[in-house]
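Asker: As a plain string of letters, each chain reads:
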Amino acid sequence: MLLLKIKTLGEGLHPSEVFVSVETRDGPEQVAVDAKALRNGTLPIGWPVAKTGDFLLVELPRPTVSGARRVWVRKEDLVPDKMARKTA
Amino acid sequence: MILTDREIQKLLKEGLISIEPEPPIDAYDSTAVDLTLDPLIRRFRTNVPGLIIDPGAPGYKAAELIRSATDPFTLTEQGWELPRGTLVLAWTKERVDLNFKGKVAARVEGKSGLARIGLGIHVTAPTIHAGFPGTIQLELVNHGPLPIKLRPGMAICQLIIETIKGTPSKAHKSQFAGQVAR
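So the protein lines, in turn, are chains S and D. Quick note: the first sequence uses the working numbering, first residue 1, plus one each step. Quick note: the second sequence uses the working numbering, first residue 1, plus one each step.
Rather than coming from a laboratory, the hints here were simulated on the basis of the structure. Worth double-checking, as some hints may not be accurate.
To be verified - Cross-link-like lysine-lysine pairs, in silico, DSBU-like; alpha carbons within 30 Å at most:
(1) D:165 with S:36
(2) D:93 with S:5
(3) D:10 with S:75
(4) S:5 with D:101
(5) S:5 with D:173
(6) D:103 with S:82
(7) D:13 with D:101
(8) D:93 with S:51
(9) D:61 with S:51
(10) D:13 with S:82
(11) S:36 with D:173
(12) D:173 with S:75
(13) S:75 with D:101
(14) D:13 with S:7
(15) D:61 with S:36
(16) S:36 with D:101
(17) D:165 with S:82
(18) S:7 with D:111
(19) S:51 with D:149
(20) S:75 with D:103
(21) S:51 with D:173
(22) S:75 with D:61
(23) S:7 with D:61
(24) S:7 with D:101
(25) D:10 with S:5
(26) D:10 with D:149
(27) D:103 with D:165
(28) D:173 with S:7
(29) D:111 with S:5
(30) S:82 with D:61
(31) D:10 with S:36
(32) D:111 with S:82
(33) S:82 with D:101
(34) D:10 with S:7
Extracted from the complex, chain S is given alone in its bound form (with noise of 0.2 Å):
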């Protein structure tokens, strides 16, 4: 599994709730996300889906403020869940 690197925006619409932005290849993108998701400034996304170029495509846990699922992000921003690969 693979974390996001994500910017924290501010408390979301409910205490459970964080709003945080994600680079994408077309512009930063607002997403509210589970707070307890959230891990030393990543998001857990799972795999990638595709590729083209040095960007990956990933699908977030809840759509973004645009409305889109999955959202193209440098390859960059991805780092290895090491806790997962522990304990896989």
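Could you slot chain D onto chain S? The hints should help.
Answerer: Chain D only, in chain S's frame:
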């Protein structure tokens, strides 16, 4: 295929999905489990002159608009009357985690007793995708002729859990997995 109460409880016991706090035994029926209403809701302001929601506009940001057009409100034990024809945003008290290992997705649906008095619990967006973690956001609408009292902890919706066929791409270690920063 819709899971029975016993199958849901089996997945919970095996840690393949989680619902926290775990629902009591009387929250189940044969093919669903009830979830309850969190005390915090968001009420739309109705006195914003000139505010028109324009979802098709370039740069439209739903969350920012909702934040600016709603106020958080905490339900007390005495409850609060949802006026007829009114939409509020609400959440389940329970946090649901449909881990991919469980190979399930879910739908959040209303309860018949609430439907008969006009309370809708979502606006055409019932799907809880495989892999989803979090509390479930609800869109409560009173379609009925009378005010409906909302109380924290009331059984507000039911979760119907279904098996999925196959493994989604994002849960499948792909050829692209090795192409990331280390």
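Asker: The structure should be examined with respect to each hint, and the outcome stated for every one.
Answerer: Now for the hints, and whether the structure bears them out:
no.: 1; hint: D:165 with S:36; verdict: holds, 28 Å
no.: 2; hint: D:93 with S:5; verdict: holds, 28 Å
no.: 3; hint: D:10 with S:75; verdict: violated, 38 Å
no.: 4; hint: S:5 with D:101; verdict: holds, 24 Å
no.: 5; hint: S:5 with D:173; verdict: holds, 19 Å
no.: 6; hint: D:103 with S:82; verdict: holds, 23 Å
no.: 7; hint: D:13 with D:101; verdict: holds, 13 Å
no.: 8; hint: D:93 with S:51; verdict: violated, 38 Å
no.: 9; hint: D:61 with S:51; verdict: holds, 28 Å
no.: 10; hint: D:13 with S:82; verdict: holds, 26 Å
no.: 11; hint: S:36 with D:173; verdict: holds, 24 Å
no.: 12; hint: D:173 with S:75; verdict: holds, 15 Å
no.: 13; hint: S:75 with D:101; verdict: holds, 25 Å
no.: 14; hint: D:13 with S:7; verdict: violated, 35 Å
no.: 15; hint: D:61 with S:36; verdict: holds, 24 Å
no.: 16; hint: S:36 with D:101; verdict: holds, 19 Å
no.: 17; hint: D:165 with S:82; verdict: holds, 28 Å
no.: 18; hint: S:7 with D:111; verdict: violated, 38 Å
no.: 19; hint: S:51 with D:149; verdict: violated, 51 Å
no.: 20; hint: S:75 with D:103; verdict: holds, 27 Å
no.: 21; hint: S:51 with D:173; verdict: holds, 13 Å
no.: 22; hint: S:75 with D:61; verdict: holds, 26 Å
no.: 23; hint: S:7 with D:61; verdict: holds, 17 Å
no.: 24; hint: S:7 with D:101; verdict: holds, 28 Å
no.: 25; hint: D:10 with S:5; verdict: violated, 34 Å
no.: 26; hint: D:10 with D:149; verdict: violated, 35 Å
no.: 27; hint: D:103 with D:165; verdict: holds, 8 Å
no.: 28; hint: D:173 with S:7; verdict: holds, 25 Å
no.: 29; hint: D:111 with S:5; verdict: violated, 39 Å
no.: 30; hint: S:82 with D:61; verdict: violated, 34 Å
no.: 31; hint: D:10 with S:36; verdict: holds, 24 Å
no.: 32; hint: D:111 with S:82; verdict: violated, 42 Å
no.: 33; hint: S:82 with D:101; verdict: holds, 18 Å
no.: 34; hint: D:10 with S:7; verdict: violated, 37 Å
The structure fails hints 3, 8, 14, 18, 19, 25, 26, 29, 30, 32, 34 (numbered hints given earlier, in ascending order).
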